[in-house]
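J.: Assemble the whole structure, with the sequences as input and the hints as a guide.
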Amino acid sequence: MNNSVLHIHPTDNLAVALRDLAAGARVEVAGRSILLPVAIPQKHKFTLDELAAGKELFLYGVLVGRSRTPLVAGSLLTTANTAHAAANYTLQDAEYQWTPPDSSSWQSRTFQGYLRTDGRVGTRNYWLIVPLVFCENRNVAVLRRTLDTELGYATTQPSWSVAPLLAAYQGGSSSEMISQITPLRPGVMATKRPFPRVDGIKYLLHDGGCGGTRQDAQTLCRLLAAYIAHPNVAGATVLSLGCQNAQIPLLKEALEGFSSGLSKPIHYLEQQAMGTEDALLQRALQVTVAGCAAANESVRTEAPLSGLTLGLECGGSDGFSGLSANPALGHVSDLLVALGGRAILAEFPELNGVEQELIRRCKNSTAAARFADLMQTYARRAREAGTDFAWNPSPGNIRDGLITDAMKSAGAARKGGSSPVVDVLDYTEPAVQAGLHLLCTPGNDVESTTGLAASGANLIAFTTGLGTPTGNPITPTLKIASNSDLASRMPDLIDLDAGEIIRGKRSIEEVGAQLLQLLIETASGNYRTKAERLGQDDFIPWKRGISL
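When the letters of the sequence shown are read in order and numbered with the numbering used here, they come out as residues 685 to 1232.
Nothing false has been slipped in among the hints.
Cβ-Cβ distance ranges computed for the label pairs, FRET-style: (1) A771 x Y1211: 34 to 42 Å; (2) E961 x M861: 40 to 48 Å; (3) S863 x R710: 45 to 53 Å; (4) R1173 x L690: 20 to 28 Å; (5) D1169 x R710: 21 to 29 Å; (6) L868 x K739: 57 to 65 Å; (7) R877 x G856: 39 to 47 Å; (8) I865 x A978: 44 to 52 Å; (9) D1072 x L690: 28 to 36 Å; (10) D733 x A1069: 35 to 43 Å.
No wet-lab data here; the hints were simulated from the structure. Note that beta-carbon positions come from the ideal geometry of N, C-alpha and C, so glycine has one too.
T.: Put into structure tokens, the structure is as follows:
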């Protein structure tokens, strides 16, 4: 990719600017010589031919929009001249033929993980504190201040200090002068950890558990149960008020569906039964510290790469995401599937327009029918809530070249590589089979990553073109930049730069191999992701029908 423009698929009537193109410039692309009537910013798309209003627009070989107005060759696509359009889809019985990538150099590779009693392998070893209802959030905050400080999971002093600002105020400085003074960075002084093999205590704060619908409470309990049963979790302390919809028996029932063959300590504490907050907090501290002592006995052991379950995520996408970071991640997904591992592709609103390709790749008609049903149900619920898949692209997406949802989806789907779809999962359902799974979640970054972890992802690879700090409480989340400018501008967030693909320095396969190596190091505990270092523990349960 060392040219100024890219024509992705032979049937496309659009091309992508790989760098800023000036008005009046002439570009050679797809056998055409086009004089650009307007400037084309990098990442954006332009037409190859003269098109009448209402003509279909193709990118990645799929329908991504329709022209609102007549367009001359070289026209820049904008929301003013382009409307969302996605292809219809039907169920198919044709058998999908897949040629796996060459994975021979990875066959003997292993990682160091925590083997659990149900046969799954953890990449981290956490203790969870889980409130069943938002009424317990204050008690969880008290526990967090005590445990993180005294067990060494927080710093002994703030990462920032306002001391120079206060000194200026006390010295009589005006508010305008104070606003120009730089706060201090005193540095990080970590307390020695008494439980070095416990990676941390994680707190699943949320605003649910009561009110809402009974379905909300059931879904929340399934989600919390999935996190407690997760291979990255050693045990849990569960706090209940006592009168809420999300009751302890409901959580226990949900756990039975996740924990076949699993044995881990779970402590249930009910505030209304115990009386005072002090009684609840004292008992919570006792069982949690005792649980951490037991979890500290766990040791990492060698595990094959088939023990990895990789969540595939994108957020803050740009016009390069589908050309660099996403296909590189797709290559990793294919390699992992070839090695007997699992990959999970989520964000159903961002599969709008590529449904037919995914249906074609489904291993059986049951999976294909379920995918179509979940997509249609989701789209209908969105319309009933007064929205539509067409509204999915964010202002940042549009600014950086993703004009329609189908255009965004065509690039986003490339995270799933080309392997067959072995199963289709609804929200919170576990990925059990080896191979690629489709998981129904929103496109919202945190709601989606929350769901990926619930389905068993013990690693998440998150591609981004604009930059996002998103992480997950229990699953290490690596960020892959689609462009090198982002990687250099936001190095505190980005773990790997895929922008070298755009600059023609490295191939998709080379960056994919680099990413897989980094994932192995992360799974083994040798690399802490940028999101982990920032303490980015994002957790948002999905209330269905109100989120894209």
